[in-house]
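Visitor: Sequence order for the protein chains is A and B.
Sequential numbering of the first sequence, starting at 1, is according to the working numbering.
Sequential numbering of the second sequence, starting at 1, is according to the working numbering.
Simulated from the structure, these hints should not be mistaken for lab results.
Built from N, CA and C at the ideal position, the CB exists for glycine as well.
Some hints could be false.
As the list claims (entries may be wrong) - Now the in silico label distances, taken between C-beta atoms and shown as ranges:
1) B:57 x A:42: 22 to 32 Å
2) A:60 x B:27: 42 to 52 Å
3) A:55 x B:84: 24 to 34 Å
4) A:9 x B:52: 36 to 46 Å
5) A:13 x B:41: 38 to 48 Å
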Amino acid sequence: GDSVTQMEGPVTLSEEAFLTINCTYTATGYPSLFWYVQYPGEGLQLLLKATKADDKGSNKGFEATYRKETTSFHLEKGSVQVSDSAVYFCASGGSQGNLIFGKGTKLSVKP
Amino acid sequence: NAGVTQTPKFQVLKTGQSMTLQCAQDMNHNSMYWYRQDPGMGLRLIYYSASEGTTDKGEVPNGYNVSRLNKREFSLRLESAAPSQTSVYFCARRVGSYEQYFGPGTRLTVT
C-alpha cells in the first residue's frame, strides 16, 4: 500500500545551520505531497505543498521539490532559527482523500 | 486559524467508560477526518466523512464510532475505552483535493 518514509530524528542543529529532512513516498500514480509542522502542544499546520512532478513548494524559508524520478520530497531550509524547533511531518495524498503521514522528525535548534 | 475546533482539549477516562470527542468546522467543506497520533507512529486515519450523512472506515477504526449529523460537525465516540486508545486525536477538514487543516487536538488518557 501507499506509504511515506522520512528520516528519523531527533535532528539537532545550531542556529543558522542548513536543514535537510529526507522524505520518500510509495504510491500508485503521482500523489500530492505535503510538509506539516507541529509545535509543542499544538495541532499540525500546513507548511508547504506540491501537486505535481517538478513543483517546488515554499514557505517561511522552507522549500521542497517534488521529484518523480526518486519519489522524494525532501524539506530544506538554508538557515534555521530556534523558532523552527518542532516536529515535521511529510505526507502524501491517499485514496480516500486522506493524508498518509510519515512518522515525523523532531528538530531542535540550539542558539 | 485552521477553522477547526475540538472539545475537550484534555480528558482522562477509566477503562470501560465512554465519551464523545467533538469537532466542528467554521467553513462549509464536505470532507472531514479523524486521526490519532501516537509516539513514533505519525498520524493514522480512524474514520472520515466525505459529505453530510456519510462516513467510512480508515486504517484503525476498531473501538470507535463516528457521526456526521450536519456539514459543520463530525464527532468521534469511544463506547468502551481501553488503555490502547490513549492517544492524541485530531480532526481535520479537507480543502480541495487533499489539503487538510487540523484542529488543536484532544489529549486522551485511558487508565
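Visitor: For the pair residue 57 (chain B) and residue 42 (chain A), does the Cβ-Cβ distance stay inside 22 to 32 Å?
Guide: holds, 28 Å
Visitor: Do residue 13 (chain A) and residue 41 (chain B) keep their Cβ atoms within the hinted range of 38 to 48 Å?
Guide: Violated - the Cβ-Cβ distance for residue 13 (chain A) and residue 41 (chain B), about 24 Å, lies outside 38 to 48 Å.
Visitor: That 42 to 52 Å hint for residue 60 (chain A) and residue 27 (chain B) (C-beta), does it hold up?
Guide: Between residue 60 (chain A) and residue 27 (chain B), where Cβ atoms are some 24 Å apart, the hint is violated.
Visitor: For the pair residue 9 (chain A) and residue 52 (chain B), does the Cβ-Cβ distance stay inside 36 to 46 Å?
Guide: holds, 40 Å
Visitor: May I ask you to test the hint 24 to 34 Å on the CB atoms belonging to residue 55 (chain A) and residue 84 (chain B)?
Guide: For residue 84 (chain B) against residue 55 (chain A), whose Cβ atoms are near 39 Å apart, the range 24 to 34 Å is violated.
Violation of the numbered hints given earlier is confined to hints 2, 3 and 5; the remaining hints are satisfied by the structure.
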